[in-house]
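Chemist: Starting from the known structure of chain A, arrange chain B on it as the hints suggest.
Protein chains in written order, with the working numbering: chain A, 12 to 347; chain B, 12 to 347.
In short, the hints are calculated from the structure, not lab data. In this text the structure is predicted, and so the values were computed from the model without any measurement. The reader is advised that the hints may include incorrect statements.
Copies of the same chain look alike in the list, so a pair counts if it works inside one copy or between any two.
Stated by the list, open to error - Only pairs whose alpha carbons sit at most 27 angstroms apart, straight line, appear in this in silico DSS-like list of lysine-lysine:
1) Lys115 / Lys257
2) Lys59 / Lys247
3) Lys40 / Lys257
4) Lys340 / Lys38
5) Lys44 / Lys257
2 protein chains.
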Amino acid sequence: MTGQLPESVVAYLKRVASLVDGYIYAKVKGEPKEVYDAGLHLIRAGGKRLRPAIVVAIAEALGEPAERALPFAAAVELVHNFTLIHDDIMDRDEFRRGVPTVHKVWGEPLAITAGDLLFAKAFETLTDALDKGIPPDRVARATRVLSRASAVIAEGQAMDLMFEEEDEVSIDEYLIMIYKKTGALFEASAVLGGLVATGDDATLEKLAEFGKNLGIAFQIRDDILGIVGKEEELGKPVYSDIREGKKTLPIIYALRNLEDEDREKLVMVLGNREASREELEQAAKLVVASGAIDYAESKAREYIDRALEALRGAVPENNYRRILEELAKFVATRTW
Amino acid sequence: MTGQLPESVVAYLKRVASLVDGYIYAKVKGEPKEVYDAGLHLIRAGGKRLRPAIVVAIAEALGEPAERALPFAAAVELVHNFTLIHDDIMDRDEFRRGVPTVHKVWGEPLAITAGDLLFAKAFETLTDALDKGIPPDRVARATRVLSRASAVIAEGQAMDLMFEEEDEVSIDEYLIMIYKKTGALFEASAVLGGLVATGDDATLEKLAEFGKNLGIAFQIRDDILGIVGKEEELGKPVYSDIREGKKTLPIIYALRNLEDEDREKLVMVLGNREASREELEQAAKLVVASGAIDYAESKAREYIDRALEALRGAVPENNYRRILEELAKFVATRTW
Chain A
12 MTGQLPESVV
22 AYLKRVASLV
32 DGYIYAKVKG
42 EPKEVYDAGL
52 HLIRAGGKRL
62 RPAIVVAIAE
72 ALGEPAERAL
82 PFAAAVELVH
92 NFTLIHDDIM
102 DRDEFRRGVP
112 TVHKVWGEPL
122 AITAGDLLFA
132 KAFETLTDAL
142 DKGIPPDRVA
152 RATRVLSRAS
162 AVIAEGQAMD
172 LMFEEEDEVS
182 IDEYLIMIYK
192 KTGALFEASA
202 VLGGLVATGD
212 DATLEKLAEF
222 GKNLGIAFQI
232 RDDILGIVGK
242 EEELGKPVYS
252 DIREGKKTLP
262 IIYALRNLED
272 EDREKLVMVL
282 GNREASREEL
292 EQAAKLVVAS
302 GAIDYAESKA
312 REYIDRALEA
322 LRGAVPENNY
332 RRILEELAKF
342 VATRTW
Chain B
12 MTGQLPESVV
22 AYLKRVASLV
32 DGYIYAKVKG
42 EPKEVYDAGL
52 HLIRAGGKRL
62 RPAIVVAIAE
72 ALGEPAERAL
82 PFAAAVELVH
92 NFTLIHDDIM
102 DRDEFRRGVP
112 TVHKVWGEPL
122 AITAGDLLFA
132 KAFETLTDAL
142 DKGIPPDRVA
152 RATRVLSRAS
162 AVIAEGQAMD
172 LMFEEEDEVS
182 IDEYLIMIYK
192 KTGALFEASA
202 VLGGLVATGD
212 DATLEKLAEF
222 GKNLGIAFQI
232 RDDILGIVGK
242 EEELGKPVYS
252 DIREGKKTLP
262 IIYALRNLED
272 EDREKLVMVL
282 GNREASREEL
292 EQAAKLVVAS
302 GAIDYAESKA
312 REYIDRALEA
322 LRGAVPENNY
332 RRILEELAKF
342 VATRTW
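Only chain A is shown next, with the shape it has when bound in the complex:
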């Protein structure tokens, strides 16, 4: 972890990771062992546990103990990891979190099944909130929130796949896609954190606004790191967005703002799975030269500002809110 995050926040993330991982390992086990190992592979490999941290920090900011938030926190992390396993198959990605992807180790059939298993376990874990004394109406509402978010994620993944085949994608279309693919689960995480403590609609709506904007900023930053990130910090190959022809914000901006000749050079490499490392590096340089990174960074800051404003309307000022504020700032500037 890096100096971009205050030590107190780093310690908080570690505490949440330890609680949530323990909870997941206790809940997600069974036979056959192979499919559970495949399902837990990426969770064991690391990850920041940002989504569970949002759930737990919001619950704590609203006066609930972390322990009570664990079923919801584990559920969002399980949904996240299920999407990673399936996305890696579809994108033919071979590394993530510094390890080979699930389908590279266990093959595609077992990887598809391991993703399905985590998805099922997410909803099973959600209902464990009943045993933590969370009222059934809030548990049923949490099921509705997480299942709707999961459907929206599938819509976003479908858009992402379809964009690969399209020459022109507008910034508006991109923003809808990343809201669906990434923003929706951050939004659900924030609402689930709220549902640990309250069923108050006004609070939950502001939390939704916080999570949604945070998630969009997170994805914009992810797309920036896809151009200027460092492999050793990210734990996965850079430039895969370029090789797969992903229509990310920096790439859309560059396609619209580069001069004809440079634009042509970029188009030649985009979506070319045979492109050499040198061609990919040249393409990334063209994206940077277009001013796309500055543009995307300012967009990410806009969304973070909106997220922070919503957060301040949803939870009282306290230590946990400060942690959430620091996390939000980190999301827009992170290098990993």
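Modeler: Below, chain B without anything else, positioned relative to chain A:
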């Protein structure tokens, strides 16, 4: 539909199909259209809607209107169809319900995503029971039941995949696998039907017993039809179990009971994806000659008897129970 089923039951299945399909089409829609079309492809192609019929008939047998059972009925059908889409990818099956499989039409990435979408929509639909006046504690309990069943289905699918690589699978291992892969969703369907009406543990346990045994019998019959079924009745190629090296009950029985020479002939064809139609037919004849079909049919009848006994302990004698009894008998003798 055939003379194996009394007209009253045929009419009941048609009524449930019409209600459930209407409910699903109203609930499962959105953008991008492609992923919704892919998700609904097999539902539009047909199917018996046996699982929703179990949900609705049990609810009606316990005195609830069919309308109130629709969210749970739609949810189990959506889970069923999600598993079909993913299983067809893993098994490389090309036809089902008389149409090309989802991945053959839309490609594997969109097919994986369409399956995930249906899975999410299943849990979203489940929570619509709140709007039908089903108490939140029973909706939360239904979420727990369906999510646990979905996890068990993934375990069963993993076992099925792993069995393809194994030479020897015992009948006990087979029975555990088909309980997980098929029985668990029938079990959940029966319990969800009960939860429309009641939270009484004793009733729900007997309904679980009914559904579980019915599902096991259903799968044994499916495995019989994999050897002696007719393509035009099934809507999918026969002999795919042999070609894929599936360890089904008739195949396990034949491997244990054929003389050395015939056994060797069967082993040569099992799991050989290049096997000719003639070789597959010869292998199927060897399975029949071993007595495997008679053995499997008697096993299926045993499970149906257990299912009927549990049903009679769970719901009062009435028209809906008679329909469930007829459905159970059909399951063990069906040719489609």
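Chemist: Is it within a copy, between copies, both, or neither that the alpha carbon of Lys44 lies no farther than 27 angstroms from that of Lys257?
Modeler: Classified as between: cross-chain Cα gap 20 angstroms, same-chain 35 angstroms, threshold 27 angstroms.
Chemist: Check Lys59 against Lys247 for me: Cα-Cα at most 27 angstroms, and say if that holds within a copy, between copies, both or neither.
Modeler: Only inside one copy: Lys59 and Lys247 sit 14 angstroms apart there, 45 angstroms across copies, limit 27 angstroms.
Chemist: What label fits Lys340 with Lys38 when the C-alpha limit is 27 angstroms: within, between, both, or neither?
Modeler: Neither, since 32 angstroms and 38 angstroms both go past 27 angstroms.
Chemist: As a check of your reading, is Lys40 near Lys257 (CA-CA no more than 27 angstroms) within one copy, between copies, both or neither?
Modeler: For Lys40 and Lys257, only the inter-copy Cα distance (25 angstroms) is at most 27 angstroms; the intra-copy one is 35 angstroms.
Chemist: I want to check one pair: Lys115 and Lys257. Are their C-alpha atoms no more than 27 angstroms apart within a copy, between two copies, both, or neither?
Modeler: So Lys115 and Lys257 pass the 27 angstroms test inside a copy (21 angstroms) and across (24 angstroms) alike.
Hint compliance for this structure: hint 4 is the single one not met.
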